[in-house]
Structures are given as C-alpha cells and as structure tokens.
Amino acid sequence: EFRSPYWLGFREHPFEAVFHFADRPSVNQVTLSLAQNIGAWAMPPQSIEIWGGEDLDHLSRLASYRPEPAVEKEKVKDLIIEIALSGAKHPYYKIKANQLPALPSWHSRKGERAWIFVDEILFY
5 EFRSPYWLGF REHPFEAVFH FADRPSVNQV TLSLAQNIGA WAMPPQSIEI
55 WGGEDLDHLS RLASYRPEPA VEKEKVKDLI IEIALSGAKH PYYKIKANQL
105 PALPSWHSRK GERAWIFVDE ILFY
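Note that this note's numbering has the sequence shown beginning at 5, numbered continuously upward.
This list has only true hints and no planted wrong ones.
Pairs of lysine-lysine residues, derived as DSS-like cross-links and limited to a Cα-Cα distance of at most 30 Å, are as follows:
(1) Lys100 with Lys79
(2) Lys81 with Lys114
(3) Lys81 with Lys98
(4) Lys77 with Lys114
(5) Lys79 with Lys114
(6) Lys100 with Lys77
(7) Lys81 with Lys100
(8) Lys114 with Lys100
Quick caveat, the hints were computed from the structure, so don't treat them as lab data.
Predicted model only: the values in this text are computed from it and were never measured.
Work out the full structure, taking the sequences as your base and the hints as a guide.
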C-alpha cells in the first residue's frame, strides 16, 4: 500500500506544505489523511502545526495537535486527523507534521526515525 505513488513519505525531515488561497475562504477545519503501518515504520506524527498569514514571511500558529501514539500490534490503517480552525481567513497556510524522532522501545527497530505518509489534505 505505501509503495503506491499516491502516498508521500517523509523520514529525514518533517512534512511541510504551503497552500495559497487568493480568495481567502473561511477555513473551519483542516483534515489530514495519513497512514499507519507499524511494520513499515509509518507512525502517527508526534505533532502537527497549522500556520496562517498574509504572506509566507508573516505566519502565525493557528493550531497545534498531538495525535495519540501508536500502540504495539496495532493494525495497518488510514488515520484521519481533523483540526478545527474557527473560520480563519488567510491567503497562506502552512501545515507541518513532525515525525517521531525515534520508534518506541517495543518496536523491532526501536530508536530508528519513524516515517510519516500523507496522501491528502483538505480545507473546509
């Protein structure tokens, strides 16, 4: 599943994406679609941040979120993370997801850096 060209994988650096909306829509929620596959080192992010502003040099943090960590022997699954924004109206948004710096002690590759796999980001 994660060898599919539809997933973007990040391991050495956090996932970061910038979005520009010239018409400044009212954004009430950002939804991220991520993958969890413990055997393939794909874990929920350690943290997610959403930034917004008038331009890329003047962004403010709008929200932060800490997903529940994976537990041993959890199944392969898609993670849908919804983060509320309360009607933000910015032309620029940046999403940053920080992967676990080290796989947990119960993992067969404990201490290795985890992967983040992303396939969609939706703004509502």
